[in-house]
Amino acid sequence: MKKIFVLIAALLISAPAFAAIDTWFNTNPYKNYDKEITLQKIHNDVYEKDGIKIEKNIFKFDYSYKEGVPYEYILTNNTDQDLLLKGVDSDYHANKNITRKSHWTRVNVRNLKYWQTYVPFVDDYYGFKSTREQTPYLYDFPKNHTLKKGENLRILAMGLHLDKMQNLTFIFNDSNGNDLKITF
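Sequential numbering from 677 applies to the sequence shown in our numbering.
Please keep in mind that the hints were generated in silico from the structure rather than gathered at the bench.
Treat the hints loosely; a few may be bogus.
As the list claims (entries may be wrong) - Below, in silico cross-link-like pairs of lysine-lysine (DSS-like), each with a Cα-Cα straight-line distance of 30 Å or less: (1) Lys707 with Lys679; (2) Lys824 with Lys679; (3) Lys840 with Lys717; (4) Lys725 with Lys840; (5) Lys819 with Lys857; (6) Lys825 with Lys805.
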């Protein structure tokens with residue numbers, strides 16, 4: 677019996693450690709999301725400098741509003757050369773960033789403090805709708821993605837701060853080998 681408790685304790689302790697490593701069971705690689713977003717837009721902001729345009733849209737979840745805030749970033753390369761997006765860094769997002777940090781386990785823990793999680797059929801109904809709504813926003817951030825001249829890249833992110841706006845740091849590398857970091 678002690679062996680079972682030790683095994684369960686080891687699994688619970690090691691789960692956050694495994695979340696930071698690219699393994700086969702927790703890797704959720706970046707996918708381009710082509711569908712239209714039907715959520716309510718609550719904020720829009722644009723950054724444009726040196727031929728790089730970044731548009732930030734912030735939405736509000738219909739069912740998962742207590743678990744995170746959905747962000748949409750549209751990167752446009754208006755320079756005369758190709759840009760390499762080496763990665764994206766963030767402080768407190770559910771997406772896995774370039775430093776391999778992810779806070780996706782906090783999304784599940786945050787859900788446990790609401791009464792819907794303890795009522796059997798209510799949890800199934802709202803849990804399904806919530807999971808379906810969050811899924812496009814939980815993919816890892818892109819790494820080593822080449823933006824051709826005039827090309828767009830759409831990145832969806834789920835910020836975990838519910839009461840303040842969050843920023844991402846985009847790390848670019850141009851054809852001359854110069855690094856460029858944009859925090860927006």
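Quiz item: So which of the earlier hints does this model not fit?
Solution: 1, 2 and 6
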